[in-house]
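Number of protein chains: 4
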Amino acid sequence: MNTTFGENLRTTVFGQSHAEAIGCTIEGLPAGEAIDLAELAAFTARRAPGGRLATQRKEPDIPEVLCGLLDGVTCGAPLTAIIRNTNQRSQDYRAIADLPRPSHADLPAQVRYQGHQDVRGGGAFSGRLTAPITIAGGIALQILARRGIRIAAHLLSVGDAEDRPLNPMGEDEEALKSRLTRELPVLTDEADKAMGETIAAARKAGDSVGAVVECIIEGMPAGLGGPLFEGFDGKLAFGLMGIPGVKGVEFGTGFACARMKGSENNDPWRVSDLPPGAAPVTNRAGGIAGGITTAAPVIFRIAMKPTPSIALAQETISLERGENAELGVRGRHDPCIAVRAVPVAEAVAALAALDLLLDSPAVLPNELPRAWASCALEKNAK
Amino acid sequence: MNTTFGENLRTTVFGQSHAEAIGCTIEGLPAGEAIDLAELAAFTARRAPGGRLATQRKEPDIPEVLCGLLDGVTCGAPLTAIIRNTNQRSQDYRAIADLPRPSHADLPAQVRYQGHQDVRGGGAFSGRLTAPITIAGGIALQILARRGIRIAAHLLSVGDAEDRPLNPMGEDEEALKSRLTRELPVLTDEADKAMGETIAAARKAGDSVGAVVECIIEGMPAGLGGPLFEGFDGKLAFGLMGIPGVKGVEFGTGFACARMKGSENNDPWRVSDLPPGAAPVTNRAGGIAGGITTAAPVIFRIAMKPTPSIALAQETISLERGENAELGVRGRHDPCIAVRAVPVAEAVAALAALDLLLDSPAVLPNELPRAWASCALEKNAK
Amino acid sequence: MNTTFGENLRTTVFGQSHAEAIGCTIEGLPAGEAIDLAELAAFTARRAPGGRLATQRKEPDIPEVLCGLLDGVTCGAPLTAIIRNTNQRSQDYRAIADLPRPSHADLPAQVRYQGHQDVRGGGAFSGRLTAPITIAGGIALQILARRGIRIAAHLLSVGDAEDRPLNPMGEDEEALKSRLTRELPVLTDEADKAMGETIAAARKAGDSVGAVVECIIEGMPAGLGGPLFEGFDGKLAFGLMGIPGVKGVEFGTGFACARMKGSENNDPWRVSDLPPGAAPVTNRAGGIAGGITTAAPVIFRIAMKPTPSIALAQETISLERGENAELGVRGRHDPCIAVRAVPVAEAVAALAALDLLLDSPAVLPNELPRAWASCALEKNAK
Amino acid sequence: MNTTFGENLRTTVFGQSHAEAIGCTIEGLPAGEAIDLAELAAFTARRAPGGRLATQRKEPDIPEVLCGLLDGVTCGAPLTAIIRNTNQRSQDYRAIADLPRPSHADLPAQVRYQGHQDVRGGGAFSGRLTAPITIAGGIALQILARRGIRIAAHLLSVGDAEDRPLNPMGEDEEALKSRLTRELPVLTDEADKAMGETIAAARKAGDSVGAVVECIIEGMPAGLGGPLFEGFDGKLAFGLMGIPGVKGVEFGTGFACARMKGSENNDPWRVSDLPPGAAPVTNRAGGIAGGITTAAPVIFRIAMKPTPSIALAQETISLERGENAELGVRGRHDPCIAVRAVPVAEAVAALAALDLLLDSPAVLPNELPRAWASCALEKNAK
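Protein chains in written order, with the numbering used here: chain A, 1 to 382; chain B, 1 to 382; chain C, 1 to 382; chain D, 1 to 382.
Worth flagging that the hints you see were computed from the coordinates, not collected in a lab.
Fair warning: this is a prediction, and the values are worked out from it, not measured in the lab.
Built from N, CA and C at the ideal position, the CB exists for glycine as well.
Among the hints, a few may not be true.
[What the hints assert, rightly or not] Covered, in the sense of this in silico footprint (three residues per stretch, anywhere, with C-beta under 8 Å from a C-beta of chain B), are these stretches of chain D:
#, segment
1, 31-38
2, 139-148
3, 352-364
Work out the full structure: start from the sequences and follow the hints.
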């Protein structure tokens, strides 16, 4: 069972919520990439808990890079970064194990691992495991940005409260900047207010609420990906489904295109001075046709379920007594996991995009890159 | 770039629409499985063209198994099956190459392969490549059925015409049988009629129409899969996005759960005499929690875009002249690709389900299967 | 269980000795490579049976390419080629199954597949499965040759008869050409004669004889591969051990270096005008240091066991009767499998070398290859 | 470029000699396995430096397990263990970078990573990276031992000094125990003395010496592995070539069989009461036939080159000045790296053996393991 994401850039996430540490190992990172650790910490902080609308837990979540860097620059060896788990409340987790939480992995994991799984704080199934994903993704984002590739996500809807959708042709830079200045990662003040109220109401009711996250990848070159199981959309969908709580993924017009005509959903081509010399007039495809990038922005949306851990009483069973029971989940939980999942979606998109860029060339140059060597000497001639 | 689906059961699809043949190689098939080739042909025939609502092309599509079977039983070696391409119209495909079809892979593939791609009939991007997927999936279906696992899909909607949704707890056996007796793979006569009219109208207008396919997997044991990138949902989403035309995938309540409260979307547990001794009272999760099967049916839906090849005039460019042009796609095209995609969705689900069953045990038995050996002698003692 | 070789260029071999066909599927082939099928057939013919010193079986072994080519040029889609099995003698293979041949896979396979394996002619364990490997490797050789990479192997020893070793610095072009003109693939007439006599004597005695095959890869750029499990030597060793009958692999001085001093085995560096600006004065490392190519020729040797199928009586058991038995293998067998394994070693080396060339760049260029696009239009401007 | 070993049990090694830490992540470990950390530390200590015949560096090398265990038992999540690097001498490594050491990866890595590689103490190419391999392998050894699988290696030769070879049929338990009580891991006092003198002499001369390590795997069930690229021998060879300094791998009679007749090298079968009801009378195959285990012990040998870092003056180049130079490697180096590689070979063998045991079953049981579930409840009924 593979626990790794990516073919060329491979990220392995490890750790349990209450283990010594959580972290990730990234294989295949290109060498020579300067990584700004302050910028990385700022990115990962976007998913850290705290704030009026999130859990009250304190997790500084400062990534410690153990290897893979030399003087802050990637050296071509695997990069491993960890976060120490400092804020675990000691408790008799065996008790927790007795009452599996509805819509959680508790019981399925109990079956899968025959009771050996780590149940403390959700163990390997905790949303906390998305922290290492943001570390890996944050590193990929810096490498991509250097090459003109920008990735940004926002909350498109929380319950019935909606933000305006992104322009599928891009050019939302200002609005996307503004999302970092609001309480919630949204494009408009109206959405910030409405979603804030929706989330506060859910918490007050001891309940939780679902949401949709929308993400855009701008600047990908045309001509990356391939048919069938080579598609960039498949790679993204796989990675995004790995985010706990994601129940759906769609690209471009997505499920809406199921109600459309071809004449309404097709993207006409028109001559362009940008590569590939043609550009789609519209971007209903979400930047991917036949699994291959079109040079238009890649647009996707993910559906995130409402947090399953709620204070309201729910039916469950007692594994020890083998009988029905009732459970109201106490403790500190996000009423809307999607809020903190926004940077996680960006991270997964970045890992998939860099993985795609690192793929074998579809056409092998006739001249092999002997240049490597000259570089090597040049570099030292200085 | 991986062109293969699956970790333990690996299916590689090969061929272009107008090459000598298309086909697939399946690695990791368990030995000793009798494969009924007539039953297989009947299954693959469900996606074959023909019929009032599909393209007029004739493709007998009889799979020829080249290896992997001994007296009709899998022998543990890779199984390769091919379909000869017999019905290609000879034509100057260079001409086709000049006007890339909107929302097709034509132009992205041109960039990806620098003009070396096979453009004849869509080449490796043709929907025809789903035929080998149904061969592989049809074989997996027989192996799964023997173990009480049933997979069935139907058209949930075509444009605005809708079928009734499947019961997420299963028990739709009769309705699902009936779908094979109708013109379209649906559960009700009303849907058959309404969707038929929608598709016929689209064809008449020289246009096409999108659709949603819904699929159920019944009988999967609880406790298969894992967190993050080990999830059964991620495996399924990856495979399903590989079907040409799929723009979205959702599980259980899917995108609808984004508007729901946790108290509305959670699946309470109740004691059950079936493994794992507990069963969800509802199945909003679609049979998967934390990436692991819950023993409830796995339910997913895919959004399929309207066929991009339409007779109506559309904008495109001439690659040769480097200027804007107009294109009306002539020739024989399905006005609704989803109709033939129904068995393809079942096939991908079967490949993912068998791949999951063949995964390493989460817990290694203390007694190693020395039994193998005794079997070996028994078998020959007869 | 993976049946595929390679990470970026992935070759899957399928078929059993007496199935309808054997063949291979190659994923990841670069597009735009002209493949000379006559040259390919000439290469695969080098392993075909026949000749005084090989088995008398007739296997034309003409590869049929089913897909992956357009007008003889790779199109970027997987390439599948097959060879029909025409020369199977019908027989009651159940009888064969009763007496497992010593040092063959017969009994281990019986245990592995619980009697379901195809035993006809050795099934999936037959040396015949090396034919598809030579098809894949022969294609890779043409792609490599175009880029100045040459691969050639010879018989270094057969029993006690020896050929002269290759010059580890290369420059054996003439001698290597001559090997194709002799009865056996060797560098000298003396070796041709001595080895011929050794093989003839073994056949006359109803016995067989082992051999060592030596191979050189010239023209690989420096700086490909990596430490630990990224090494080119590990990739080669894995592939070479996949050739039936190989019991050992060594690089450069190989096992001999175990008796040497560091001062005797080290390769000093000296300034060179060739990349990387330095060259090893000697090549005891066999062209690989720390898993990475040094620009010196890659040299390896494989030990091939004597054909296990011999006419002389040997001890075995009867699976049916569960008692000891005697077996003298009748039928047509090579007294020295290494003779036909020479091109197979070249094929595996070619697949490994091209796989390495197709790997992700260790350093990602700052300018992404937007050039793709311009090519695309250029190509069509003609 | 994959830096991971294994298909089902995947070990990723990370770190550089002078990074914050080195370590490994193991995916696919079965849950429920108690890991004795003291026993693990004792095993990894066998490769730690120190002692008269090894380098004088001090590396406590106590593994810290960050995750994957719950109360000392594997929980089914990836296990990550690290070793902090404490003993790095600060130095201007740029200077080191100027004079690449002969037969080291210095220059090839400089080309590969264009000067971005970590050159401090050999970076990712340091033999120190074998420490994490022994951590992973040590864990696998405990899981295997519980199932009757024992793995042990010894120094077969150092220069011209030889130990007695292992009995290919096993039954060397006492002698193998004794190797842990000697200064060197050998079976006889004579070898201990002779090899000790050989190594001491090499060190005195400012030189180094090569060696052969022989390893045995006892207790593997028959019937694991497969043909071509599925072979257990290929899996082992790949892993063993990943150990720095290994230049050759052979199984059973290995290169010696190249001079033998089939009648001398074949292993006759005889009826046995042990599975698979038959056993080879001899074990020239080294426990593997056709890539599949025979139930006889798996025997392999690896050739390890003499330490390339020697005090004697050698030719190299100055990268900065681009001219020839002379280098005598100062500092603390093992005169015979093979001494510390003995437990590393055992570790790689253990990882390969457990990976093989965790493979998909060749034959899928008709009854799916619903038992999982009952276990789950049982366990909690206590």
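Evaluated hints:
1. A stretch counts as covered by a chain when three or more of its residues have a beta carbon under 8 Å from one of that chain; for the segment 31-38 of chain D and chain B the count is 3, and the coverage holds.
2. With a threshold of 8 Å between beta carbons, the proposed coverage of the segment 139-148 of chain D by chain B holds, since 4 of its residues qualify and at least three are required.
3. Interface restraint, the segment 352-364 of chain D with chain B: holds (8 residues with C-beta to C-beta distance below 8 Å; minimum three).
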